[in-house]
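Below, each chain spelled out in residue letters.
There are 2 protein chains.
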Amino acid sequence: MKTMDESKLREIFGEENIKTDPSDLYAFGSDASVHHAMPWAVVRPDNTRQVQQLMAYANEALIPVIPRGGGSGMCGQTVPIRGGIVLDMKHMNRILEINLPDVYCRVEPGVVDDDLNLALKPHGMFYPPTPASSRIATIGGEIANNASGVRSVKYGATRDAVLGMKVVLPNGDLVTLGAHTRVEASGYQLHKLMVGSEGTLGIVVEATLNFVPIPEYRCMGIANFDHLAHAGAAVGSIMASGAIPSMLELVDSVAIKAVNKTMNLGLKEVAASLIFEADGMVREAVDYEINKMKEICKKHQGSDITTSYDPKERARIFMGRKKLFPALSKYDDSLSSTSLADDMAVPYSRMADMAGKIHEVAKKNNIIMTAYGHCGSGCMHTKILMDTKQPEQWASARKAITEIYEFVRSVNGTTSAEHGIGLSKAASFKVEKADSLRLLQTIKQALDPNNILNPGKLMQAPDDWVTATGLRYAVNN
Amino acid sequence: MKTMDESKLREIFGEENIKTDPSDLYAFGSDASVHHAMPWAVVRPDNTRQVQQLMAYANEALIPVIPRGGGSGMCGQTVPIRGGIVLDMKHMNRILEINLPDVYCRVEPGVVDDDLNLALKPHGMFYPPTPASSRIATIGGEIANNASGVRSVKYGATRDAVLGMKVVLPNGDLVTLGAHTRVEASGYQLHKLMVGSEGTLGIVVEATLNFVPIPEYRCMGIANFDHLAHAGAAVGSIMASGAIPSMLELVDSVAIKAVNKTMNLGLKEVAASLIFEADGMVREAVDYEINKMKEICKKHQGSDITTSYDPKERARIFMGRKKLFPALSKYDDSLSSTSLADDMAVPYSRMADMAGKIHEVAKKNNIIMTAYGHCGSGCMHTKILMDTKQPEQWASARKAITEIYEFVRSVNGTTSAEHGIGLSKAASFKVEKADSLRLLQTIKQALDPNNILNPGKLMQAPDDWVTATGLRYAVNN
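For the protein sequence lines, the chains are A and B, in the order given. Okay, so the first sequence: first residue is 12 according to the numbering used here, each after it adds one. Okay, so the second sequence: first residue is 12 according to the numbering used here, each after it adds one.
Since the hints were derived computationally from the structure, they do not count as laboratory data. Keep in mind the model is a prediction, meaning the values are calculated, not measured. Accuracy of the hints is not assured; some may be wrong.
[What the hints assert, rightly or not] Derived DSBU-like pairs (lysine-lysine); straight-line CA-CA distance at most 30 Å: (1) A:K132 with B:K303; (2) B:K268 with B:K303; (3) B:K303 with A:K303; (4) A:K334 with A:K400; (5) A:K309 with A:K268; (6) A:K303 with B:K132.
Just chain A, same shape as in the assembly (with noise of 0.2 Å):
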């Protein structure tokens, strides 16, 4: 490896768009991941020129880029675990069309998704994927990712929303992927591989999106269960009834819990709660809906069930999940929430297992464990709440971790659900992808000889997420 030419990132950015002081660098060094790790410099490219010309500079002298949007990122994905260069996407953060009667809209990487959606509002249309930090993150993090939020369920994901877009490749070449028609049968349609491939293979500088309007009614219901099993046969229900939830989110006692106690929003502390929502422009339609999943929850013996069209009451029945993120952040002083095996997805019918699993993981490894997520789309959502400065308990973590991952691929299900791979589910994905290893990297090799675009991720990342990197806390010895 060369040593990284100031004056050639200089030259490309301009001064003010270089960072190098050792504080800016710790700040670019971790995400929302537990992990943490020096890049060289934090560059902020302005354009596509730029991207290219650092990309041809850098694949020359074989010095990593890491792609970064919002720092979000919840298990290491822009962690330059090998040092080198972090490209911060945020300024590229035009909206660069929004075509209504094609119905499709073109951005830069860097538009935040929430400020997409403020766009889109006035006429009447939303961008779906939205996952729950859509205040920071970006299209470009979300589509590297393949995110998705409480709506995939309906929805889908990224993935689904991407038609095309125009990505910088390691070696600074630029390419058109994809296409502006809402079906495309024209060859290997690469940018759906672009997606989830968590900045190893391009860096998207432009991206065509879907949008789809935004419903006239939405309709929200809640529904306790005193037995977590309950609500998880009423979420396999629900789905194999061919309803169509525009959400379905399961809470379990240790989330309601959490809130009540940080929050006082005084839930009544059962098992698990149930929110269902249903959308659409005919209110018949959503009744229909909502009244199918209310049966279906009365039938798996669900209680308290209460539905509201009313913004307001709405808010209030899905307080306790939006609350949920900082409640848990909050629950105990001597404890961090921490995003470790956070996301799984199972199969509709192994939900309520997943749950228990996880519960029954946590007490045997004397760790604190929630289990919550978008039950609609088959993803489980958990934190581990632990003291991060007793070294004992990271090894609990791991532990528990191991065991959650092991469930999770018996049962059919995959190790991320919409948070990515990154460093901390390294483990799990090259078991899980044990027979297809070969096959990525085989892909990556091809697009990235020199091996310098995010490196050391996915299938390239150390098995032990605890030592892969530092750690970005502080850990007694």
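Take the given structure of chain A and dock chain B to it, following the hints.
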């Protein structure tokens, strides 16, 4: 290239599953395209192991292998342009699992589309990507071409329905791609790359597919237009309005005349008709969509508008569209209906211009061309009616197609919406994808270094489709 060792094939497949008779080889030398080339042998695997064994042998012996489903491909995807072994997948036609609670099914690639839908029907479910050729098209072939049909406007194409698959690679390795869950963010999601790769990257031996509930209500409508541009404007307005048609078809005057002539349907010979459909579980919601589309058609001077929920009446409305394909074949005994430039996609706002361009180009080049298609997905179909015995008609067709694709690209369209590229459309494909052709070839080279899997297609196809292979027609000298 080594010569093919028939004893090796007998060893793998048994005598009864090998064809080397010239008459058999002749039949497997063409599909629904204009092309013809002779394979060296046709083999019928019964299981994955045989496919692996064949590939291991062929990869070593450098013999081309061409996987083939129903043979309904329209642009020569399965025509063995470089000879070799045709792998007839029709015996691998088991539906392995219909998992209702987890909402997926697993099928072998030789399952015929209609058969899958017959099996799903008792459960109230259907597989929506279904192309018009569903009576013979196999799931494997549909995956190879990212097939779709009249309902893609609402339900998407094959790629949207494929959750995962098992694939035999050119070297004989078996890999599992994708997942069993609705969302997945576990690294490169290569099953999406396999969809649309036309049998050049791997052989799908099992697919995991999503399905959806059969709607309780379907309502269909038709509107006539005196000007093609008005019909086109109506399509654009419908799609921009946020309406959710489950079908939106355009049929032009040439198509209407053809159907009247050969089927005696007595359709009003207007410039264009739009056929529109909405579906759903609640009648009020279907009414809402239908009325919205009706109003838009009226606003754009649509006339004779009728709509119906009645299955018989719906069949009547759709009859003209349904019978179009056979009608064009019987239009004139001296003319053949050829699939050339037959499924371009253009942005909605250019749909009318596209149809107009087709008419203009046909007239100029002395051939008959129709314009019809799934306008709601941006897909325009055409057929060229020509006297295939006359060499100058082929020259005219070549000229016409070149002009048409130039237009498609000029309006940000794409060469193929749902039939694939194969041989017939390679010239336009190569121009359209010029900046990514090297990348496509890099991927091909990485996965199939010996170039034995369906070689000579897509970016490898000759530029001149007329001379690329023999033609499936006798042409006068």
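Against the structure, the hints:
1. The straight-line distance between the Cα atoms of K132 of chain A and K303 of chain B is roughly 21 Å, inside the 30 Å bound, and the hint therefore holds.
2. Between the alpha carbons of K268 of chain B and K303 of chain B the distance comes to roughly 29 Å, so the proposed pair stays at or under 30 Å and holds.
3. For the suggested pair K303 of chain B and K303 of chain A, the alpha carbons sit about 26 Å apart, so the restraint of at most 30 Å is met.
4. With a C-alpha separation of about 26 Å, the suggested pair K334 of chain A and K400 of chain A falls inside the 30 Å cut-off, and the hint holds.
5. A hinted pair counts as satisfied when its Cα atoms are at most 30 Å apart, and K309 of chain A with K268 of chain A qualifies at roughly 23 Å.
6. Using a Cα cut-off of 30 Å, the hinted pair K303 of chain A and K132 of chain B holds, with the two alpha carbons roughly 21 Å apart.
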